[in-house]
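Sequences listed follow chains U and G, in order. Sequential numbering from 325 applies to the first sequence in this note's numbering. Sequential numbering from 25 applies to the second sequence in this note's numbering.
I should point out that these hints are in silico values taken from the structure, not numbers from a laboratory. Note that this is a predicted model, so its numbers are computed, not measured. There may be inaccurate statements among the hints.
Unchecked claim - Under 7 Å between C-beta atoms, here's a sample of chain G residues computed to sit facing chain U:
#	residue
1	27
2	29
3	46
4	47
5	61
6	62
7	79
8	80
9	101
10	129
11	131
12	426
Backbone N, C-alpha and C define an ideal beta-carbon position, used for all residues, glycine too.
Chain residues, written in single-letter form:
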Amino acid sequence: MGTDPRSSAAVVRTRWAGFGQATDHGDPAAAARDAVGQALQHGDDPALLIAFATAAQALPALAAALQDAAPGVPLVGASSTRPLAPPGADLAVVALGGPGFAVSTVAIERAAADLRAAGIEAAAALGDVADRDHHALLLVADGCVGDQHELVRGAYSIAGAGVSLIGATTRVPGVQLHAGDALTGAVVAAAIGSDAPFGVGVAHGWQAIGQALHVTRTAGADLLTLDGRPALDVYLERTSAPEGLDQDAAGFARFADGHPLGVRLRAEEHHVRLVLGADLSRRSLRTSAELPQGGQAWLMVRDGQAVTRAALEATDAAIARLDGRAPLALLVFGELQTLADVDVPLAGLSGAGEIARARGANGFHNDTHAVLAIA
Amino acid sequence: MSWETERLTEFVVALSRFGTAELVAERGVERTAEALDAEVAALVRDGRVAASYGWPRIEVPEPALLAVAAAGEGDVPVPGGPPCRALAVALDDARDGVLLVARRHEPLQDAEVTLLRGLARGLAQSLQLLDVVENERALRVRSEQQALENTRLLKDLRERQRLLEALGSIQRAISHRAPLEGTLDAIVATAAELLHGPAALQLIGSDTPPDAGVWARAVADSRLHVVEGAEAAMAAPVHEQGDVIGALGVRSRAPQRTYSRAEQEILIALAENASLALTDAKTVGAMVHQALHDTLTGLPNRALFVDRLAHALNRRGAEVAVLFIDLDRFKAINDTLGHAAGDALLVAVAQRIGRCLRGADTAARLGGDEFAVLLEDVQDVGDAVAVAERIARSFRSAFTLDGHEVFCGCSIGIARGYGGGEELLRNADVAMYRAKAQGHDWAVFEPSMRAEVMERLELEADLRKAEERGELEVHYQPLVALADGSLAGFEALIRWRHPRRGIVAPSAFIPVAEESGLIHALGRWVLNTACSQAAHWDRVCPTPAGRAPRWITVNLSGLELERPDLVDQVAAALDASGLAAERLVLEITETVLMHDTEATIERLATLKELGVRLAVDDFGTGYSSLRYLSRFPIDLLKMAKPFVDGVDQGEQGAALARTIIDLGASLDLAIIAEGIELGAQLSRLRSMACEYGQGYLFARPLTVRQIEALLAQGGGLGGFQSGGALYAAGRAS
């Protein structure tokens, strides 16, 4: 082990990352002790625990057990109805520790009232770790409330281009974990200061098809009309949806999960916007983020290879931004069907949306592979 | 739609949702960065960074951004890496707006630069629109503030209007002489309303005198006093003709009340109005009193007397009587002693009348030297007569005026209550005239008197014009030396030949002349005429040698005697006629001489200095004091006719005549027996050595022609022996 602070051995002494996982056997406490114990065995002075859990568990008890397993250690996390990363885990815990990390966490409950303000408050935690050279802001939010893009804008307005933004929004019935509590409707944030850079990679495998739909009227994340007609009706037509979905909210949600819309960021680049549900009486669509009124939207499609390529591209991009350092851990959000084959501990969660800013100012995605590489 | 167009459309639509320029600027730079996939963007306006995105708040590189904004492009620090190239595009607005953006991973393409320019224009338009909206909003805010201010001012104005209306109403009440109580009540009510608390006016001497709290202090210090806090109150002094007589104050119902300067001034203004009302009422009261009372004597004047008379008649009808009192010889006294003495006499008369009245009776001065008395509860005319006699008796004693004793009589007319007040007063006036004419102290009105008064008034009117109409004549009655029957002189007697009435007896019109003041003109005319006639007769028919020159006697009334210019008039008549002074004898009745004797003596002495002679007419009918008689500078006594009538009616009558004759002899006064009508009278008077006589036995008063005829016959010795020559001569002519 050299003394070069940039060497992995030296980094391991000043910064370390641990990983643990457990399966659900109906005993949250045991699962927590097990997963946390695994994660903390890699070093002393844990700075942060990041926990992802499947929604089938008793999440409040699990949250409490996680904190009990690591008293005083800042804890953030989320749950998902979808499989976690690594595959097969019902509980995945990443621990960061060592004097090379500084962490400050915050939970903003009832964030839906003003997501921009929640993002601003979340980013304000970076002030507690401002003395470090590199910064990342991990955000976990309830994706079912408000325009999540506003959350990202609020956080970016405070954090700026020098902070790596990463995170996810949960789906119903997902929770946000913070300090032993399982919250809903909240924004949980972990401001991480490090002696080493962070790297964020973002990619998706979706492609736009067909004619553009004109976004004629929106109300925040509610898409009211497309091409001047009720958005639900236009969507069902364009997606050739099965009959009866306009009368079946649950069925429509399941159908829409695989038929996202996309908005064009640059000439040939689209960002995905999930259709989370519909207001059958108003004939409107509920999207994961506001579609810009006056703009255009497309139906998005993808294939399995595109998904794989996206996972690799995002992972590589994230690791590449570590300035040659070896990653200690990866946090993965979004499409987890395919993970990059890297020998790096990783944990991840698939939620309603992904928060990740690799370049530019845009940081909210759907069905996108978002990776934070931690060195 | 092209990508650029799509972005621009989204941009403009997104900005349209923000309502302030600040939000548009913030969101505009956000959407600019997102639209161009740039890490940072900023808006420079008015020489400063108006909004930025992508830098932590405390790390915005303002100097670099301003430099790029000015230059159009340049490097700017971008967090998380080295500086990046930034491109700046002007907004082309009035505030030097510049939109700039920097992207790390690759420079902006041409299409993106075009888009950036479009975004800048869109942002400029949005900001410009909001500037207009903001200006209008600010204008609306100012308008609303102005409206609020106007509302406040209007409220102030309304309050002020309310105050002005209240003050105006109060001042109208004062100027219209509304009842004082109502005006003061209005002032107190206004104070309570405008100052939001119970108000009170406390006056010294009232049931609620200002003896405590701010009221007492305001009175004591004669200024506003204010107490604030738990028991707030304030009071301002109230004046009457400059003297503090109370205070107007208000209390507060609200706890911890304070009184603003404006409220204090309101109370002071209301207190001043109360002062004005009280002062005006007192002044009006004095004016009303003055308007209804005689200023000299303090008695009610005619207006008030008539009003009280009317009320008394309404209440008591026939049980009301009026005394009309007229002073005798007041004008002479006024003219002789001066107006100050005249005023003092009137005051003294008022006091004497007052002392003669009962408590419920009312005395008044009607004007001049006329007084009236209202008697109520008169059951019988005797009740009124009793009062009249009391008053008349009170006039018997002299009035002392400036050290002088003055006698002033009065004539009283009595009328009982039938008809209206003015009619009653007129009736009493008529009765007064009857009393005066008859020389009585009082007379009770009878309807027949009215005709007499009318007659009297007509007579007076005719008398005024008699001289100019030539209706007056002087007749002359011879005065005879009884010893030898020679013509000693003439007595000039005025006669009035009325075209309709015929010869009006002097006894009928002389009193009228004296009452009306015409006696002065008549007397002057008679004097001048008689002197001229006598002087003419001296020239055309001189007194025979060896005889004393004929004299002419002219009667002087008491009024004439009191004229200050009498001596001058006599002197002027003598000068004008050329008659020697000793040829003129002025006759004055005994009763006249007894009035104001000291002054009379002085006046007579002055006349004597002219050289004229003085005779006492109707001697024996007055109440002469022999002491005064010796002091009067008189030369002749004219024995009154009653004594002449009795001279041959027994010893007592003869004795009286002899006494007078002897008195005259004792005092070296010549005696003229008046009214000799019988030869027996003549014989007895001659035997008593009475020197002169006159009467129908010798001749009635004769005209000038008859006198001249008499003179032509010589009228000499023995002419009257028979006693009938003149009579015969008189009848012949």
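Going down the list of hints, with the structure as the test:
Interface hint at residue 27/G: satisfied, since its Cβ lies 5 Å from the closest Cβ of chain U, which is below the 7 Å cut-off. Proximity of residue 29/G to chain U is violated relative to the hint, the smallest CB-CB distance being about 10 Å (cut-off 7 Å). The closest approach between the C-beta of residue 46/G and any C-beta of chain U is roughly 14 Å, which is over the 7 Å cut-off, so the hint fails. Annotation: interface hint on residue 47/G violated; nearest CB of chain U at approximately 11 Å, more than 7 Å.
Below 7 Å, beta-carbon pairs count as interface contacts, and residue 61/G has one with chain U at about 4 Å; its hint therefore holds. Taking 7 Å as the C-beta cut-off, the interface hint given for residue 62/G holds, the closest approach to chain U being about 6 Å. Among the interface hints, the one on residue 79/G holds; its C-beta lies about 5 Å from the nearest C-beta in chain U, closer than the 7 Å criterion. The criterion of a C-beta within 7 Å of any C-beta in chain U is met by residue 80/G, whose closest approach is roughly 4 Å, and the hint holds.
Because the beta carbon of residue 101/G sits about 10 Å from the nearest beta carbon in chain U, more than 7 Å, this interface hint is broken. Taking 7 Å as the C-beta cut-off, the interface hint given for residue 129/G holds, the closest approach to chain U being about 5 Å. For residue 131/G, the interface hint is violated, since its Cβ never comes within 7 Å of a Cβ in chain U; the closest pair sits about 13 Å apart. Checking residue 426/G against chain U: minimum C-beta separation of about 111 Å lies over 7 Å; hint violated.
When held up to the earlier numbered hints, the structure conflicts with 2, 3, 4, 9, 11, 12 and fits the remainder.
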